[in-house]
Amino acid sequence: MTGWINGIGWVSTMGCGRGRTAGLVPIWNDRLAIPARKDLFAHTDLRFGRLDGFSRTGLAGITMCLRDAGREEWQDKRAIATMAVTTSGCLQTDLDYQATVIEGDGKLASPNLFAYTLPNCFLGEAALRFGLTGNSLILQQNGGADLDVLSRALEELTWSGSIGVIAGFCEVPVAGLACPPTGYGSLFVLIEGIPDPQSGCYGKLTLTGNKLFFNDTPLASFTHLMDACFTVTDRRV
Amino acid sequence: MKQVVLSRSALVTPLGDGGDTLWQQLVAGGTAIAPLTRFATGNYISSYAACIEGLVAADAESLMAPLLERVAEQMGPVPADCRLLIATTKGEIDRLETRSRAGLAPTLADLPEAFIRQVEQRFHLPPGGLNINAACASSTIAVARGAALIAAGQASAVLVYAADLVSEFVFSGFSALQALSPHVCRPFDQQRSGLNLGEAGVALLLLDEERALQNKAPIMARIAGWGAANDAHHVTAPARDGCGLILACRQALSSAEISAEQICAINAHGTGTLYNDAMELTAFHALFAERLPPLHGIKGSIGHCLGAAGAVEVAVGARALAEQLLPPTVGCRNPEAVSDGRVGEKQQPLSGDYLLCCNSGFGGINGALVLQRIMS
Numbered sequence: 060m061t062g063w064i065n066g067i068g069w070v071s072t073m074g075c076g077r078g079r080t081a082g083l084v085p086i087w088n089d090r091l092a093i094p095a096r097k098d099l100f101a102h103t104d105l106r107f108g109r110l111d112g113f114s115r116t117g118l119a120g121i122t123m124c125l126r127d128a129g130r131e132e133w134q135d136k137r138a139i140a141t142m143a144v145t146t147s148g149c150l151q152t153d154l155d156y157q158a159t160v161i162e163g164d165g166k167l168a169s170p171n172l173f174a175y176t177l178p179n180c181f182l183g184e185a186a187l188r189f190g191l192t193g194n195s196l197i198l199q200q201n202g203g204a205d206l207d208v209l210s211r212a213l214e215e216l217t218w219s220g221s222i223g224v225i226a227g228f229c230e231v232p233v234a235g236l237a238c239p240p241t242g243y244g245s246l247f248v249l250i251e252g253i254p255d256p257q258s259g260c261y262g263k264l265t266l267t268g269n270k271l272f273f274n275d276t277p278l279a280s281f282t283h284l285m286d287a288c289f290t291v292t293d294r295r296v
Numbered sequence: 060m061k062q063v064v065l066s067r068s069a070l071v072t073p074l075g076d077g078g079d080t081l082w083q084q085l086v087a088g089g090t091a092i093a094p095l096t097r098f099a100t101g102n103y104i105s106s107y108a109a110c111i112e113g114l115v116a117a118d119a120e121s122l123m124a125p126l127l128e129r130v131a132e133q134m135g136p137v138p139a140d141c142r143l144l145i146a147t148t149k150g151e152i153d154r155l156e157t158r159s160r161a162g163l164a165p166t167l168a169d170l171p172e173a174f175i176r177q178v179e180q181r182f183h184l185p186p187g188g189l190n191i192n193a194a195c196a197s198s199t200i201a202v203a204r205g206a207a208l209i210a211a212g213q214a215s216a217v218l219v220y221a222a223d224l225v226s227e228f229v230f231s232g233f234s235a236l237q238a239l240s241p242h243v244c245r246p247f248d249q250q251r252s253g254l255n256l257g258e259a260g261v262a263l264l265l266l267d268e269e270r271a272l273q274n275k276a277p278i279m280a281r282i283a284g285w286g287a288a289n290d291a292h293h294v295t296a297p298a299r300d301g302c303g304l305i306l307a308c309r310q311a312l313s314s315a316e317i318s319a320e321q322i323c324a325i326n327a328h329g330t331g332t333l334y335n336d337a338m339e340l341t342a343f344h345a346l347f348a349e350r351l352p353p354l355h356g357i358k359g360s361i362g363h364c365l366g367a368a369g370a371v372e373v374a375v376g377a378r379a380l381a382e383q384l385l386p387p388t389v390g391c392r393n394p395e396a397v398s399d400g401r402v403g404e405k406q407q408p409l410s411g412d413y414l415l416c417c418n419s420g421f422g423g424i425n426g427a428l429v430l431q432r433i434m435s
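Listed in order, the protein sequences are those of chains A and Y.
One rule links them: number in the working numbering = place in the first sequence (from 1) + 59.
One rule links them: number in the working numbering = place in the second sequence (from 1) + 59.
Quick caveat, the hints were computed from the structure, so don't treat them as lab data.
Hints may contain errors.
[Unchecked claim] Only pairs whose alpha carbons sit at most 20 angstroms apart, straight line, appear in this in silico EDC-like list of lysine to aspartate or glutamate: (1) A:270 x A:255; (2) A:270 x Y:316; (3) Y:61 x A:275; (4) Y:61 x Y:316; (5) A:166 x A:98; (6) A:166 x A:155.
Since this is a predicted model, take the numbers as computed values, not measurements.
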């Protein structure tokens, strides 16, 4: 199975970024500033202020990814799937919502927070903003967030009618829990069946058996993928 | 492409343990929706839900563990080379609630991967299980993904384990969203006023059909087609034109290589909310035009089992095809006029080989499966 990485976007410890304009390889660690609307959109966006931290972080990564690929603007809905792996998902939102339940014995339960106690809701936010009609799902696995999500994305690209898959990870701090191995933040890549003829691409992603390769080199981690993408000299087409 | 079959199922629902019990109760028009006793409901807009009898958790632990035990015991051994796909939206949320009320911070045991390990261990499967969270379409999409794995030759056996609970966490949220019915819900009824929550634990064993035949394994139905699509419309409300559901169903029909005319029945999501049921009827009319097949929904009998809903409905759909009978839609006393008399509180005989099963969820996601009757 093969796909081409046509866009990369993220929220790292240094803030929102994307592959074609970043000077430095992004770093994810135990520090994260949850993105604000102005970090992402020049225009007002009434919905953004209602989002929980997990959704803001995930939506920002997907937005930057589509912007990087030149696909942020759209007229007709597009058969692009979204897929994210996460360790703790929206657990902090769960805790925040549960606090509103406890506060008034249920009378003050927040309908807005409750809507974001499903971790896939930020994928819905991305879908409605950018007209993405492909499958959208969150993956959680034993061993935490890892590159398997890119393997699952290549499967989705091969087996479904989607023209592309936006796949990556999203993690935000949860009170009382240690930072996951990926660090906090998000990273999303747009994988499509062909290299983008206008914007160019970062390289070829291949799944052979259970092994994932980027430009025919075995991949070990998201950081490794970023290092490899940043060595592609013609990415700023 | 390989053919995929549903070989075995194990179900624990509010209508009892086992597929036979559930089927008999559904056909008889039974309902398990009743006033809740699990937690106080005085501050919510409803006091009704469908709970599983006899679920008891160890001190401050989750009801998911005894539910898993009951399902696994009923299921029996599964092939050691099974790929495991789990479908739960909130997992062990009841334990998180207990800890929050006690002022305790979450621990690693509250993360989904801890639950994945439990399921792996209980079914004696190696690490590598994956939880698919696609809201109320989670298990539909897990079955679709399992079928795709087998069809592509990436696996020859997949176990889908789906489970969700009636918890105050979720109940209070749907209450705050004004989505709960204050009475027993009435899917596709003109006077419907919301949903009732339910809970279930389900295991579905999917096999490569060749393997099933070689091993003389039972076959309940073929998973002939599948699809998934997003409305790209709203996070908590369905698109009124049913665009995402239409797309998912068309994908399922296309991958099954059949036309809409070959569908003899629909197992609809049918939550009983005003907008969901209207959206589904709109979508079905777009798909089937004047030839709407008989349809039903089971949420008036067992409530809305969230991430497990689709898995229960796949097992029920397979049985409906085998029996050539569609159970009544409990609560649908005055069907919506646009349902063309195809849904109601009476059983409906079927005549055909293909059944469409679909679910939709928060985040705008829709999943659809085509089940095919296999003649023994």
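Results of checking the hints against the structure:
1. A:270 x A:255: 24 angstroms, violated
2. A:270 x Y:316: Given that 20 angstroms is the threshold and the Cα spacing comes to 32 angstroms, the pair is violated.
3. Y:61 x A:275: Violated - the C-alpha atoms of residue 275 (chain A) and residue 61 (chain Y) are around 29 angstroms apart, more than 20 angstroms.
4. Y:61 x Y:316: 14 angstroms, holds
5. A:166 x A:98: Not OK: residue 166 (chain A) and residue 98 (chain A) at ~35 angstroms, beyond 20 angstroms, violated.
6. A:166 x A:155: With Cα atoms ~15 angstroms apart, residue 166 (chain A) and residue 155 (chain A) stay inside 20 angstroms; holds.
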